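These protein sequences, in sequence, are chains U and L. Going letter by letter, the first sequence gives residues 5 to 385 in my numbering. Going letter by letter, the second sequence gives residues 1369 to 1478 in my numbering.
No lab work stands behind these hints, which were simulated from the structure alone. Quick caveat: nothing in here was measured; it's all calculated off a predicted structure. Among these hints, one or two may not hold up.
Straight-line C-alpha distance at most 16 Å; calculated EDC-like pairs for lysine to aspartate or glutamate [unchecked claim]:
1) U/LYS68 / U/ASP96
2) U/LYS231 / L/ASP1389
3) U/LYS68 / L/ASP1458
4) U/LYS138 / L/ASP1389
5) U/LYS68 / U/ASP111
6) L/LYS1468 / U/ASP247
7) L/LYS1468 / L/ASP1389
8) U/LYS209 / U/ASP111
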Amino acid sequence: MSHNINCLQCIVPPHMLKNMLANGSDFQKQIALASIAVSGQLRGHRQALAESVNFLATTATPGKHRTVYTASNGSTLPGKVVRAEGAPATGDPATDEAYDGSGATYDFYWDVYQRNSVDGNGLWLDSTVHYQQKYDNAFWNGQQMIYGDGDGQLFNRLTIALDVIGHELTHGVTQYTSNLSYQNQSGALNESISDVFGSLVKQYKLNQTADQADWLIGQGLFTSNVKGIALRSMKAPGTAYDDPVLGKDPQPGTMTAYVNTAQDNGGVHINSGIPNHAFYLLATALGGFAWEKAGKIWFVAATTKFKSDTDFQGAADLTSQAAGELYGQGSAEQQAVQNSWTGVGITVGAQPQPQSQSQSSGCLPAALSILQALLGGNTQN
Amino acid sequence: MRIEFVRSGGFAGLFLTANIDLQTLSPDESATLEREINDTAFFDLPEQIKPSSPMPDRFEYQITISSPQRTHTVTVGESLVTDTLRPLVDHLTELARTGKYRRPNSKFFM
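Between the sequences and the hints, there should be enough to build the whole structure, so can you do that?
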């Protein structure tokens, strides 16, 4: 269970908590206390999971084990069980969609790539629905899925789109494999892997070929108040929405439009448009069901070749390498992979990104933090 | 007093923003916001309240408050929003959702 260390990354280090409690302001003490409470919650849950995984490892054959909980619009996790594996539908859409969606995701990974759940070892799939109030988000917290009901104004309930469920559970797969660092290019790659397999879960469920698929992420999530068809488009990044409240879809589809920003952990949900579009180009070039060849190449690269610091150039090189191993060096498939990356401005086998690229992405936040420090210093005087 | 608010990240990865001049709000709403700001001791908060390592698809809130005397910016990760900070964050989120106070897109990428 060594990978579960990852989920503690959200927690302030123990030595810092101690300092904050001993010497911090009232607010810092509050943060420290809240962090300790949360880490205690996670620890208890992790222990239960560890026991279940150990049990499964020795006794079980591959199979789904889903539990859906409700947070009853509060924040306590995992909450109260509302549907266990094998139980009939409840009639509550969020509960039943979380149950069916995690099942569809499990089936996809098992049927297509023979991966037994998120950790490859039959991890039980826990989901909590009705998290907080008007919460327009869904996330994987290192051990389970969490879904909000949406605010009803801009967002519908988050379980409404199957690819969202596939996206979030794939964050779990990434956590247990490459553990791509969630910032800058490796973070955008982490996001893209979740979009790619989220979309493939949906395409597999609908039995769609690459030509038939919509290549949208989060279709159905926006209410009718929003001017947009989805959150992201892998086919045409930057075109998913253009709305008076939410602004315009900021995704680039090629390296020339790469966005250097300190926000969104270095634009992880923005620059993911680039590898997303590379995958789309590959899938449509190869034709047929996207999960068969394009998905297989991406799956092998992402789960066995990517490291925590793999960037876009690394992803291009490693997916080409995977295609060579799967279909032969110089095969049509490998050539298609190289063409798809060329289509977004990345040349397989090229030298790492020019310095200006990595410098500007690192320098800007640094300059900003210096500026902020100066401003902060001035205002305190 | 002026407030600049940006919620970034989340699964959607979109930017929900608001630029609010308290003088333009109703006296009631303005008073509520001032109370929420005071309750958090906003100007004493650390600038960065972030997890040691970013977590997938969580929100991040950036709040800048300017009074004639001082300006302070606090960036806080969703998992570290405390019960005292939550009313202010939720209130600003609600105001941002109306779209009435949105900042232009070009200012997001900094």
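Comparing the hints with the structure gives:
no., hint, verdict
1, U/LYS68 / U/ASP96, "violated (21 Å)"
2, U/LYS231 / L/ASP1389, "violated (27 Å)"
3, U/LYS68 / L/ASP1458, "violated (37 Å)"
4, U/LYS138 / L/ASP1389, "violated (25 Å)"
5, U/LYS68 / U/ASP111, "holds (8 Å)"
6, L/LYS1468 / U/ASP247, "holds (13 Å)"
7, L/LYS1468 / L/ASP1389, "holds (12 Å)"
8, U/LYS209 / U/ASP111, "holds (9 Å)"
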